[in-house]
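> On the provided structure of chain F, position chain X as indicated by the hints.
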Amino acid sequence: MPGDSKEFPLCHELMKGRSPSHVRELSNSRYPLAMYEHGLATGETAYGHGGYISIPELPSGVAVRNSCRPEIIEESAYLRILPPAGGWLSAVTLEKLASCAETYGKGLIHLTSGGTIEIYTTREQMVPMVRELNAAGLDIGSTGNDLRCLTACCGPARCDMALIDAPALATYLGQRFIDEQQYPGYPQKVKSGVAGCPNDCIRAMMQKDHSFIGVYRDLPQINNEVLAAWQEAGGDLAGLIAACPAGALTWTGTTLAIVPNKCWHCMACINLCPAIRPGRERGVAWVAGGKYGHRGPQGPMVGYVLVPFIPVKDDDYTAIGDLFGAFLELWADNARKKERVGDFIARVGPLWVLKELGLKVEPQILLSPKRNGF
Amino acid sequence: MPAINVGGIEIEVDEDGFIADPSKWNEAVAKALAETEGVTELTEDHWKVVNYLRQYYQQFGIAPMIRKLCKETGYSLKQIYDLFPSGPAKGACKIAGLPKPTGCV
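Chains as they are written, first to last, in UniProt numbering: chain F, 1 to 374; chain X, 1 to 105.
Don't read these hints as lab results, they were simulated from the structure.
Remember, it's a predicted structure, so these values are computed and weren't measured experimentally.
Just so you know, not all the hints are guaranteed correct.
Label-pair distances were calculated between CB atoms; the ranges are [stated by the list, open to error]:
hint: 1; chain 1: F; residue 1: 310; chain 2: X; residue 2: 16; range: 22 to 30 Å
hint: 2; chain 1: F; residue 1: 124; chain 2: X; residue 2: 1; range: 33 to 41 Å
hint: 3; chain 1: F; residue 1: 25; chain 2: X; residue 2: 48; range: 44 to 52 Å
hint: 4; chain 1: F; residue 1: 357; chain 2: X; residue 2: 31; range: 23 to 31 Å
As a list, the in silico DMTMM-like pairs of lysine to aspartate or glutamate whose alpha-carbon atoms are at most 25 Å apart [stated by the list, open to error]:
hint: 5; chain 1: X; residue 1: 31; chain 2: F; residue 2: 329
hint: 6; chain 1: X; residue 1: 71; chain 2: F; residue 2: 356
hint: 7; chain 1: X; residue 1: 78; chain 2: F; residue 2: 179
hint: 8; chain 1: X; residue 1: 68; chain 2: F; residue 2: 200
hint: 9; chain 1: F; residue 1: 189; chain 2: X; residue 2: 72
hint: 10; chain 1: F; residue 1: 189; chain 2: F; residue 2: 225
hint: 11; chain 1: X; residue 1: 78; chain 2: F; residue 2: 314
hint: 12; chain 1: F; residue 1: 189; chain 2: F; residue 2: 200
hint: 13; chain 1: F; residue 1: 337; chain 2: F; residue 2: 362
hint: 14; chain 1: F; residue 1: 338; chain 2: F; residue 2: 314
hint: 15; chain 1: X; residue 1: 78; chain 2: X; residue 2: 16
hint: 16; chain 1: X; residue 1: 48; chain 2: F; residue 2: 102
hint: 17; chain 1: X; residue 1: 78; chain 2: F; residue 2: 333
hint: 18; chain 1: F; residue 1: 313; chain 2: F; residue 2: 200
hint: 19; chain 1: X; residue 1: 71; chain 2: F; residue 2: 329
hint: 20; chain 1: X; residue 1: 71; chain 2: F; residue 2: 44
hint: 21; chain 1: F; residue 1: 16; chain 2: F; residue 2: 44
hint: 22; chain 1: X; residue 1: 48; chain 2: F; residue 2: 333
Here chain F is said to cover these stretches of chain X; the calculated rule only asks that three of the stretch's residues, wherever they fall, bring their Cβ under 8 Å from a Cβ of chain F [as the list claims (entries may be wrong)]:
hint: 23; segment: 66–72
hint: 24; segment: 76–88
No residue lacks a Cβ here, since even glycine has one placed at the ideal position from N, Cα and C.
Excised from the complex, chain X in its bound form:
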């Protein structure tokens, strides 16, 4: 299984680059995952989306529907794509350390 290196620790990821074990996620891992998706700096706006995704995932065990993500964070889908060029699923969910979503996000 491929892996990314975060401060000398190997974090395993799946073939699409999603974290294999969500419990190993931390902010440093988020930054390393962000770089794989072309996000060089995680701003306050990025963290707002990432934190919402994590909170929802911890509560419900799945990623939220895309419209819910937009409504709850207050960002339009266009803004989400501006923040995460790979989109809410491949970009935002990956950086937030969620497993690869199968649903609508």
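Here chain F stands alone, though its shape is the one from the complex:
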């Protein structure tokens, strides 16, 4: 632990207790704790605005945070590494990342909220570190005005709710649009996420400019035998029926049924009861325009459901990739400088986007997108 409690008293306060402490992690690395202590003492971070830096050979994936205390640290440059989809990292890959962080960086790795992996280093160490990462099958990208990394939920690799193979689709899109992730040529950043089912555990619809959500178009399937066993084991049938946001579940006295035109195809009953499973006709809903950011005229917004169902058969994602690529071109050609996808669609109108892309306009997806898109 660098320094004693007298040197960094406020940091040491944050290391007390049994819960994991971020300061403990920082202090176990070569992170300049004096910078953080300065922030805690003054109520204002010691880091300034940052941004793009030009490193030959590395068009994207490199950036810097400026320092307001250059006598402690001149600047904090970092590499942003594209993550494998679904958040899967083997111990071998973690060891490689750890070795790179030790050799070229400060022995510290940052898992960002956007899904990428950052290693703090210096400008001089960047190219050698990228060479070593490349040799291990990793690469950098996802900074500036480019296509940001494709994030996904864990998908069927370990979730029984997955309607589509979310990491597989994210990996397909990531491979197909790798240049767009590594060469910043767009008017603004574009974030994307793939969720295996409408539960959307990765909050793609709220957070990402583009989200592809696994959906089913037919009705949930009810197994009345399993239902009886579930009730016998204490399952709350009245609670289950009440939980349906559309009021589509009915109990006939002996069996449970779903009123077809009422069902919203959400996951409420499926999440609650093991006797109800998702329908078998599966595909992807394309939602565009979500963002948390407060910049732009629309502020934070949920995306528009532009296409409620794109069928996915035999793990062929070509149609989704074609649509994604066509939209990105349309947006990049027509967006204003620094205009996020959500602000763009709000300005030109979702109908214009659908028409330009040659897609069928279905009024219900715009009038009541949450209800029943089919």
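What follows is chain X alone, placed relative to chain F:
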């Protein structure tokens, strides 16, 4: 202000190495600026990009948007980076004698 030497003449550049007075640009200056960006030889492909940037700058007084540069020259952004390792702004615009772009290129 720093300067680069082109055939015995000092050409002033700003702190990022961009030419201070765009009217002093000529092909020899371009070659000297190229060397500061690690471009040892200016090929026909380089000149196509440089000439387009100059023509656009002379007409509109600013650097073109990055997508426009790619579409008009026919090079992908990846190819532009292959030609100019520092990228379209710090590499290509600098060699073309444009002032430091503030926009998207």
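> Work down the list of hints and note, for each, if the structure agrees.
So, going through the hints one by one against the coordinates:
About 46 Å separates the C-beta atoms of residue 310/F and residue 16/X, a value inconsistent with the hinted range of 22 to 30 Å. Hint check: residue 124/F to residue 1/X, Cβ distance near 26 Å, so the stated range 33 to 41 Å is violated. Roughly 50 Å separates the CB atoms of residue 25/F and residue 48/X, a value that falls within the hinted 44 to 52 Å. Between residue 357/F and residue 31/X the C-beta distance comes to about 46 Å, which lies outside the given range of 23 to 31 Å.
For the hint pairing residue 31/X with residue 329/F, the CA-to-CA distance comes to about 35 Å; that exceeds 25 Å, so the pair is violated. For a cut-off of 25 Å, the pair hint linking residue 71/X to residue 356/F stands: about 20 Å separates their Cα positions. Simply put, residue 78/X and residue 179/F have alpha-carbon atoms about 7 Å apart, close enough for the 25 Å limit, and the pair holds. For the given pair, residue 68/X sits about 37 Å from residue 200/F by alpha-carbon distance, which is inconsistent with the 25 Å threshold.
Pair hint residue 189/F plus residue 72/X holds up; C-alpha atoms about 23 Å apart against a cutoff of 25 Å. For the suggested pair residue 189/F and residue 225/F, the alpha carbons sit about 50 Å apart, so the restraint of at most 25 Å is broken. Of the pairs offered as hints, the one joining residue 78/X and residue 314/F is violated, with about 32 Å between alpha carbons and a cut-off of 25 Å exceeded. Taken as a hint, the residue 189/F and residue 200/F pair is honoured in the structure, with Cα atoms around 22 Å apart against an allowance of 25 Å.
Between residue 337/F and residue 362/F the CA atoms are separated by roughly 30 Å; this puts the pair beyond 25 Å, and the hint is violated. Proposed proximity of residue 338/F and residue 314/F is contradicted: the alpha carbons are some 38 Å apart, above 25 Å. Restraint check for residue 78/X and residue 16/X: the C-alpha separation of about 23 Å stays at or below 25 Å, so the hint holds. Among the hinted pairs, residue 48/X with residue 102/F is inconsistent with the structure: their alpha-carbon atoms are about 44 Å apart, more than 25 Å.
In summary, the hint linking residue 78/X to residue 333/F is supported, as the alpha carbons are separated by about 18 Å, within the 25 Å threshold. Our distance criterion of 25 Å between C-alpha atoms is met by residue 313/F and residue 200/F, whose separation comes to about 21 Å. Between the alpha carbons of residue 71/X and residue 329/F the distance comes to roughly 12 Å, so the proposed pair stays at or under 25 Å and holds. At roughly 45 Å between alpha-carbon atoms, residue 71/X and residue 44/F are farther apart than 25 Å, so this suggested pair is violated.
At most 25 Å may separate the alpha-carbon atoms for a hinted pair to count; residue 16/F and residue 44/F meet this at roughly 22 Å. Pair hint residue 48/X plus residue 333/F holds up; C-alpha atoms about 23 Å apart against a cutoff of 25 Å. Check result for the segment 66–72 of chain X against chain F: holds, 3 residues qualifying (beta carbon to beta carbon below 8 Å, three or more required). Under a criterion of three residues with beta carbons nearer than 8 Å to beta carbons of chain F, the stated coverage of the segment 76–88 of chain X is upheld, 7 such residues being counted.
In this structure, the hints that do not hold are numbers 1, 2, 4, 5, 8, 10, 11, 13, 14, 16 and 20, in rising order.
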